[in-house]
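Chains as they are written, first to last, in full-length UniProt numbering: chain P, 1 to 284; chain A, 1 to 342.
Since the hints were made in silico from the structure, they are not lab data.
Fair warning: there could be bad hints in the mix.
[To be verified] Which bits of chain A does chain P cover? Going by a derived footprint, with three or more residues having C-beta under 8 Å, they are: (1) 85-95; (2) 255-265.
[To be verified] Subject to a maximum C-alpha distance of 30 Å in a straight line, what follows is the list of computed DSSO-like cross-link-like pairs (lysine-lysine): (3) P/Lys168 / P/Lys56; (4) P/Lys19 / A/Lys169; (5) P/Lys97 / P/Lys56; (6) A/Lys170 / P/Lys19; (7) P/Lys97 / A/Lys88.
The C-beta atom is built at its ideal place from N, Cα and C for all residues, glycine as well.
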Amino acid sequence: MANLPTKFSQFLFEQSTEKEREWLEEKVKSNVLDLMTAFVAAPRFLSKKNISYDSKFSGSLVPEHPGFEVDGWSFVRLARVWLLLHIPSGPKEQFLKNIETLFDTAELNELVALYSALPLLAYPLEWLPRATDAVRSNMGFVFDAIALRNPYAELYFPESAWNQLVLKTIFNGKPIHLILGIDRRRNKELSIAVSDFMDERSAAGRRVPIQVWRLMGGASDEVLHSKLIPLFSSESKLEKEAAALLAFESKDPKIRSLLANEPDLELSIQNGDLDWSKLESIPE
Amino acid sequence: MCQKEIHQTKNPSHFESADLREDSPTHRDILWEDYEHLIKDMRFFDPHIHMVSRTTDDYQMMAKAGIVAIIEPAFWVGQPRTGLASFKDYYSSLVGWERFRSSQFGIKHYCTMGLNSREANNERLAEEVMEILPLFAYKEGVVGIGEIGFDDQTALEEKYYRLQLELAKKTSLPVQIHTPHRDKKRGTERSMSIALEHGLDPSWVVVDHNNEETVKSVLDQGFWAAFTIYPFTKMGNERMVSVVEQYGSERIMINSSADWGISDPLAIPKTAALMKQRGIPLEVIRMVTYQNAIDAFAKSGQIDVADFETEFQPDPNAKFHGNSILRGGQQPVVNKNSLLIQ
């Protein structure tokens, strides 16, 4: 069994009725096939409610993954992840086969639970092909489960897969700030792709969400400079703010000097009033 | 399909009609313009339709005709599957993509899960399928074990039929029985007696593809009697009206079984229109085209009528959590009269 975080169990049982707790505890004492069936059957025995989130658990449900949050999850999803953590992790081959079978037969909500559990499962690198597949998924829930608020991608995705995940998040109009590690894993290749994407959208008369600009921080000074000049003269207040943040973050004197014309913005960044979080939005 | 000649003449399967002169007059097709007004404001539930074989046009027409919910039984895709993976993908599509596709047209999609009788004859594969079937039977929106029963009435078919009746008991799910095309009367009786032998409550069992010859016994023994309106081979809609006139609406339901054959996904609304024309009371029509199917399959605990009664506002622009069946920029309803395809 993978290390089952104590607080995770505690949190789950706080959400359960007595009957639900009995059912869950009985299932994890059972054999592995019954346990796998319980993973599937969970909605027939557990409440369909969304769990209420208590801030005392925030960031601490799984101490080694402070970004692992279950806010907004359904109770069934939480219980399914918990059940998965009880599948015996050895022998390795059998464990992999069991999890693969669950993936192969999963419907949407089960996939969501499986992908949510990836950073907690044993042999995390074995799940890399599955995780990158989820990024290609055309099922919104499945994509979200791997891309948003999930530490797995930041920890294990190679750069190309990481960039693909970020680009697809932008393309689907989803909130990139919910990708854990979005700032830590900025890279040059990504900023080139994002820059191309912005040009393409611009040519088609379409805009990109304002927070996408934060990814341009990884671009070369030359590219960034050429992008910032029109952005600073934009009529949109938000676009100006994004330009100011990028200029402020840059070490290049030529780029930094662009801020000289915007002393108010510079001041609010220095005071901590303006940062990227002000430009984050969750699309409808 | 290699059917023996004697079978072809006795009780035909799809496309094997022995006597078209006899079959043809039993089904009368009607144009949308001719029956639209007759079914206005009616709501339909098709408890047996194979959407995986149907097109987007069908979904659009079905929604327009008032079909708000459907059940897609797991069945034969037209050729035998060669490995477990094909079954997994097929079952997954029933609870995955097909359900989503249906939702895009405002139609609630449920399914029943089972190993079909024809493929039960491949014992090696059948064994493997039975191993994974519980993982699918317990899934959300699975409203029964089906369609199971007999095709050729072989020993292997019986073996897997019995095993699946036990699975239905274990999972507390209703059973949807496919009765054979050939030797139907005997196959139907045999299916029912085996179900009773396994201790199933007949009110949990829907016997499908009935005809004038089987209906009385099915009803007398307490089972649900489903009728498939399928042009030329199974039940014609005019014959169906007569059955309802004779037997009333109790425990009777109508479906289309529309699939890859020459079938009609609008069989229910059309039959409802015919019943209306013949003066069958509205409440009777409602029972056989909507309510009885819900009552039978809601025993699974998986049907919430609010999903299609109160929320029946199909919004073709709605997305399924950010995704759509529509390719970038496509409009949800295509004007087929337009020369320009934009």
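- Message: So if I understand the rule, the pair passes when the alpha-carbon distance is 30 Å or less; does lysine 97 of chain P with lysine 56 of chain P pass?
- Response: It is violated: about 37 Å lies between the C-alpha atoms, which goes past 30 Å.
- Message: Given the hinted pair lysine 170 of chain A and lysine 19 of chain P, is their Cα-Cα distance within 30 Å?
- Response: 20 Å, holds
- Message: Verify this for me: three or more residues of the segment 255-265 of chain A with a beta carbon less than 8 Å from a beta carbon of chain P.
- Response: violated (count 0)
- Assertion that chain P covers the segment 85-95 of chain A - criterion: three or more residues, beta-carbon distance below 8 Å: holds (count 5)
- Message: Check whether the Cα positions of lysine 168 of chain P and lysine 56 of chain P lie no farther apart than 30 Å.
- Response: 33 Å, violated
- Are lysine 97 of chain P and lysine 88 of chain A close enough, with their CA atoms no more than 30 Å apart? 15 Å, holds
- Going straight from one Cα to the other, do lysine 19 of chain P and lysine 169 of chain A come out at no more than 30 Å? With Cα atoms ~22 Å apart, lysine 19 of chain P and lysine 169 of chain A stay inside 30 Å; holds.
The structure fails hints 2, 3 and 5 (numbered hints given earlier, in ascending order).
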